[in-house]
Amino acid sequence: MCGECGCGDDKIVPVDVHERLLAGNDRVAQHNREHFREHGIVSINLMGSPGAGKTLVLEATARALGRDAKLGVLAGDLATDHDAARIRAAGIVAESITTGTACHLDADMVHHGLHHLPWQTLDYLFIENVGNLVCPAIYDLGQDANVVALSVTEGEDKPLKYPTMFRKADLVLVTKVDLLPALDVDVPAIEANLKQVMLAPAMLMISAKTGKGIDRWIQWLRGVGRPRSAACATGMGLDA
Amino acid sequence: MHEYSLVQAMFEQIDRVARTHGAQAVRRIRVRIGEYAGVDPTLFQSAYEVYRIGTPCADAALQIERVPAAEDLMLDQIELEVP
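Heads up: the protein sequence lines correspond to chains X and G, in order. Take the first sequence: its letters are residues 213 to 452, numbered as in our numbering. Take the second sequence: its letters are residues 315 to 397, numbered as in our numbering.
FYI, nobody ran anything at the bench for these hints, they're computed from the structure. Fair warning: this is a prediction, and the values are worked out from it, not measured in the lab. In this text, a Cβ means the ideal position worked out from N, Cα and C, and glycines have one as well. Treat each hint with caution, since some may be false.
[As the list claims (entries may be wrong)] Residues from chain G shown here face chain X by an in silico Cβ test under 7 Å; the list is partial:
no. : residue
1   : M324
2   : L387
3   : M388
4   : L389
5   : Q391
[Said to hold, decoys possible] Here are the simulated distance ranges between beta carbons:
no. : chain 1 : residue 1 : chain 2 : residue 2 : range
6   : G       : A372      : X       : P330      : 43 to 53 Å
7   : X       : H251      : G       : T356      : 34 to 44 Å
8   : X       : A394      : G       : A384      : 37 to 47 Å
9   : X       : K223      : G       : T369      : 11 to 21 Å
10  : X       : P226      : G       : A384      : 16 to 26 Å
11  : G       : P382      : X       : G423      : 38 to 48 Å
12  : G       : Q322      : X       : K223      : 22 to 32 Å
13  : X       : K223      : G       : P382      : 33 to 43 Å
[To be verified] Examples of chain X residues toward chain G, derived with CB under 10 Å:
no. : residue
14  : I224
15  : V225
16  : P226
17  : D228
18  : R232
19  : L233
20  : A235
21  : C315
22  : H316
23  : P348
24  : A349
Only chain X is shown next, with the shape it has when bound in the complex (with noise of 0.2 Å):
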């Protein structure tokens, strides 16, 4: 039996297996994006750091978008309601996932939030993920995009540091960039460095608490699902 390693055990049968160790997640999350695509229902995987400002930016989005199409988020915490009450607050639907002790949302959890939801009437879905720059990364939830919002308060070289996370990131919305005066933050420095580690470079600069930016988010997520046209694709909005 065992003719591989030339051990003689005629006991130990080798099986190449060849599946991700994902594999589990990716079908769920499959079926998840199956779910969406029927719906039509564009949804958004939302990562970062814990006080990144993901929540303020829901409640930004709420305001300027809520009117034109139906939002709904599910909103990821180790502990608390907080997050999907403030979003609820500014007026669109909202559920908690509480993860407990888990870092990171995986499609299961995402799938089982959406029950609590009138999701197949939405036109949007925000997935809030747990703030962490590290777990989220890994886990597809079915969405369209990942978008990493990156306050500006954290410094220029989270990227270089958590490359998996921002890797991958569809787009990079640097936050509170109303904070910029008081701060002594290399603006073109964040730049250079998500140019470095992510596949395809986006990048818009927004204060969900001013607006300052807003409406180009908005446009971008009018454009997700759709082909975007190469200035768009490749334009680091850098516009401070």
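Got chain X; can you put chain G on it based on the hints?
What follows is chain G alone, placed relative to chain X:
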């Protein structure tokens, strides 16, 4: 620390394969982890050492092949002990 979740997912995959072969135990596990997979091979090994106790993989050697500049995250091969 998603390495712990990944090790548990790997055990589920291995259990499925082992059952279809009527295996009694697992002797060896070969996985491939790419540099861009977002998984730390050392943490993966540590998680494996913790979780393998009491499973069919309790005495199995874990071999991790590290692949530079790749996103691979694969369970390549297992060696099963059959009756």
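Okay, the hints, checked on the actual structure:
1. M324: Since the shortest Cβ distance to chain X is 6 Å, the answer is holds.
2. L387: The hint holds - L387 (chain G) has a Cβ within 7 Å of chain X, the shortest such distance being about 5 Å.
3. M388: Given a least distance of 6 Å, the restraint on M388 (chain G) holds.
4. L389: holds (5 Å)
5. Q391: holds (5 Å)
6. G:A372 with X:P330: 43 to 53 Å: Since A372 (chain G) and P330 (chain X) have Cβ atoms about 47 Å apart, the given range 43 to 53 Å holds.
7. X:H251 with G:T356: 34 to 44 Å: Hint holds: Cβ distance 42 Å, inside 34 to 44 Å.
8. X:A394 with G:A384: 37 to 47 Å: The hint (37 to 47 Å, Cβ to Cβ) holds, given that A394 (chain X) and A384 (chain G) are roughly 42 Å apart.
9. X:K223 with G:T369: 11 to 21 Å: Holds, at about 19 Å.
10. X:P226 with G:A384: 16 to 26 Å: holds (23 Å)
11. G:P382 with X:G423: 38 to 48 Å: Once the Cβ atoms are compared, 44 Å apart, the range 38 to 48 Å for G423 (chain X) and P382 (chain G) holds.
12. G:Q322 with X:K223: 22 to 32 Å: holds (27 Å)
13. X:K223 with G:P382: 33 to 43 Å: holds (36 Å)
14. I224: holds (5 Å)
15. V225: holds (5 Å)
16. P226: holds (5 Å)
17. D228: holds (5 Å)
18. R232: Where the cut-off is 10 Å and the nearest Cβ of chain G is about 6 Å from R232 (chain X), the hint holds.
19. L233: Constraint on L233 (chain X) satisfied, holds at 5 Å.
20. A235: holds (7 Å)
21. C315: holds (6 Å)
22. H316: Status holds, d = 6 Å.
23. P348: holds (9 Å)
24. A349: This hint holds: A349 (chain X) lies near chain G, its Cβ roughly 5 Å from the closest one there, short of 10 Å.
Checked against the numbered hints above, the structure violates none of them.
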